[in-house]
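2 protein chains.
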Amino acid sequence: MEYFENNPRPASLDSHIALARAFIDQHAEQNRRVALVTSGGTTVPLENQTVRFIDNFSAGTRGATSAEYFLESGYAVIFLHRQFSLLPYARHYSHSTNCFLDYMAFSSSGGVVIDTEYQHQMGDVLAKYKKAKHDNTLLLLPFTTVNEYLWHLRDLAMLMQPLGPNSLFYLAAAVSDFFVPADRMVEHKIQSSEEFHSQQPNGNSGEPPAAHMEGKRLIIDLDPVPKFLKLLVDKWAPHSMIISFKLETDPSMLAEKSRYALKKYSHHLVIGNLLNTRKWEVLFVSAGGGEKWLRVPANRRTKSVSGSRPEDAGKDSEPAVEIESWIVPEIEKLHTQMIENGDPRELALFR
Amino acid sequence: MEYFENNPRPASLDSHIALARAFIDQHAEQNRRVALVTSGGTTVPLENQTVRFIDNFSAGTRGATSAEYFLESGYAVIFLHRQFSLLPYARHYSHSTNCFLDYMAFSSSGGVVIDTEYQHQMGDVLAKYKKAKHDNTLLLLPFTTVNEYLWHLRDLAMLMQPLGPNSLFYLAAAVSDFFVPADRMVEHKIQSSEEFHSQQPNGNSGEPPAAHMEGKRLIIDLDPVPKFLKLLVDKWAPHSMIISFKLETDPSMLAEKSRYALKKYSHHLVIGNLLNTRKWEVLFVSAGGGEKWLRVPANRRTKSVSGSRPEDAGKDSEPAVEIESWIVPEIEKLHTQMIENGDPRELALFR
Chain W
1 MEYFENNPRP ASLDSHIALA RAFIDQHAEQ NRRVALVTSG GTTVPLENQT VRFIDNFSAG
61 TRGATSAEYF LESGYAVIFL HRQFSLLPYA RHYSHSTNCF LDYMAFSSSG GVVIDTEYQH
121 QMGDVLAKYK KAKHDNTLLL LPFTTVNEYL WHLRDLAMLM QPLGPNSLFY LAAAVSDFFV
181 PADRMVEHKI QSSEEFHSQQ PNGNSGEPPA AHMEGKRLII DLDPVPKFLK LLVDKWAPHS
241 MIISFKLETD PSMLAEKSRY ALKKYSHHLV IGNLLNTRKW EVLFVSAGGG EKWLRVPANR
301 RTKSVSGSRP EDAGKDSEPA VEIESWIVPE IEKLHTQMIE NGDPRELALF R
Chain U
1 MEYFENNPRP ASLDSHIALA RAFIDQHAEQ NRRVALVTSG GTTVPLENQT VRFIDNFSAG
61 TRGATSAEYF LESGYAVIFL HRQFSLLPYA RHYSHSTNCF LDYMAFSSSG GVVIDTEYQH
121 QMGDVLAKYK KAKHDNTLLL LPFTTVNEYL WHLRDLAMLM QPLGPNSLFY LAAAVSDFFV
181 PADRMVEHKI QSSEEFHSQQ PNGNSGEPPA AHMEGKRLII DLDPVPKFLK LLVDKWAPHS
241 MIISFKLETD PSMLAEKSRY ALKKYSHHLV IGNLLNTRKW EVLFVSAGGG EKWLRVPANR
301 RTKSVSGSRP EDAGKDSEPA VEIESWIVPE IEKLHTQMIE NGDPRELALF R
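Residue numbers (full-length UniProt numbering), protein chains in the order written: chain W, 1 to 351; chain U, 1 to 351.
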């Protein structure tokens, strides 16, 4: 594919692929299902020595939370995530208004301990984390740019092919639709002052730079990212179950856009969600033609905006529900059905 | 100023200003110096319901590290930071390749404790953090967008005016030079597919939207951010010591750009730094005409890329140095000199 000829292979890829190979081999041997969960937003650097970049909004809550439930369902999880976005288990204590150190206290003997009020819940989380480490069922691989993301997705997918239908792609990352091709990237920080010169891009293709000044204005001109989902479905992972997400802000477009994506890429499931309600409701649009809303009732919603914390909510009513605890078991059922039927493109979802 | 008439006041501002007022009053009474430290990158949302945004690279290391040394030097610190960027003290344990939970273990009685090997260093950090909380010398105020940043900077500066020369501005945040004015912002996610309609911006000014599709390409067209540093120096904080940063990627431009900024804004000090060497060397360019490099020798540099961790480096040689531990005491001396001379614009820096 032309994209991979013209955009540089990331420096981190070799070592990540080596880790993934060992991980996949182990779980293939144990006949365990493997889910590749992508999470967080991708960046589009505007300069080679990056000072400015375009980003996609995502703290990584959906991916990090879902990864925990895939682990609980017995999957091994490759967690391909934006560096410093939320991680499974750690998410309960990061990106919080509480500082890490607020959970700690000095004991009477002067040692650093976890404050009594957090002991119980933290013990539960720590036990699950230690189990995943002990069983080697969670592999954390970071990316930052959309280029790093695309290279990782392709190479991991090809590495997972021997798993056959035991593999699953859960594409929760917020991937940019636009990017700056390597030959249109400038080397140095774009200068805002008219007193300082503008630059030529790195490539010799004669293409104009992706960002330039017009008087006092900055104009950025971005290429479309190639439709990698089509390649994933048809070429890189033809035997896997593939689930993509569609995030919209306008409720009137959600169902239509989700159906459009499913038709265009011919994969198994699109999960549609809206920026403002994504913690409580999602729309499943399936290859079989079935559609279904999953909705958490108002009295069982998690309250925090970033990072779901079930313990924060529903204190006086029923316990709060993370919607991912409903999404993942639904997917597990569909995955089982797909493995048993042997024909991934004819899932009789919800019919 | 026109900017503040045309761009909306952030929802968080009132409560933050109330917190800052109480904080400043307390330290004014105790005749303590107050430093406003800004930290992290600002975002420029491309839609009102933000899915995509432009960002400036900054983990917040410079600001978070410097804030600790200002506290050690006896300042009270208002830490105006990008939400989820590095925080003073907590920075030693976040944005790390280690997960939060890797520091923890179960004790023999089943309680959650800090692993023995981390006890000593974490105890030091925790003690400093608890002292700052106890003395109420550290106020954490978050922002995300460049609009939130500008409103906070203006209102905090005016609130700090009664402190006179006892106040200091340490502007380490990576602030965007460009933005999308409110009347050129679209409401919903920009649609990449040609099948879906483009939108009109919110304003009635007849201005074109800041982002639009041209065929399959996305074109973003940004306005310059007003030169707020000029306003800060001349109007919002005329009696304060003001220090700005200049980040470049091209070594040949650093000194010239730093001098240019100092001349243009007539403040006290520009600290120039390069993206690739910013942890080891900075250039002070002062109002008095003096220039000076601070450089950490190679054998005393911190090793980690994101988040300086002195304990990681120099194990076999001299202890590693965080360059902020040299920057802040230099500034403290200059600030004392300014307070004693009473004329901030005639600092005889390094002469």
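Since the hints were made in silico from the structure, they are not lab data.
There could be a bad hint or two in this list.
The list treats identical chains as interchangeable, and a pair is accepted whether it falls inside one copy or across any two copies.
Straight-line C-alpha distance at most 25 Å; calculated SDA-like pairs for lysine to any residue [unchecked claim]:
1) K230 x G111
2) K128 x G290
3) K292 x P142
4) K130 x H120
5) K230 x G215
6) K263 x P10
Hint check:
Taking CA atoms no more than 25 Å apart as the test, K230 paired with G111 passes in neither setting, with 55 Å inside one copy and 49 Å between copies. Within a single copy, K128 and G290 get their C-alpha atoms no closer than 35 Å, and across copies no closer than 58 Å, so neither meets the 25 Å cut-off. Proximity of K292 to P142 under the C-alpha cut-off of 25 Å is found in neither arrangement, the shortest distances being 33 Å within a copy and 39 Å between copies. Both within a single protomer and between protomers do K130 and H120 lie at most 25 Å apart by alpha-carbon distance, with minima of 16 Å and 23 Å respectively.
Taking the shortest Cα distances, K230 and G215 sit within 25 Å of each other only across copies (20 Å), while inside one copy they are farther apart (40 Å). In the homo-oligomer, the alpha carbons of K263 and P10 never lie at most 25 Å apart, since the shortest distance is 32 Å inside one protomer and 41 Å across protomers.
Figure legend: structure checked against the earlier numbered hints; hints not met, in rising order: 1, 2, 3, 6.
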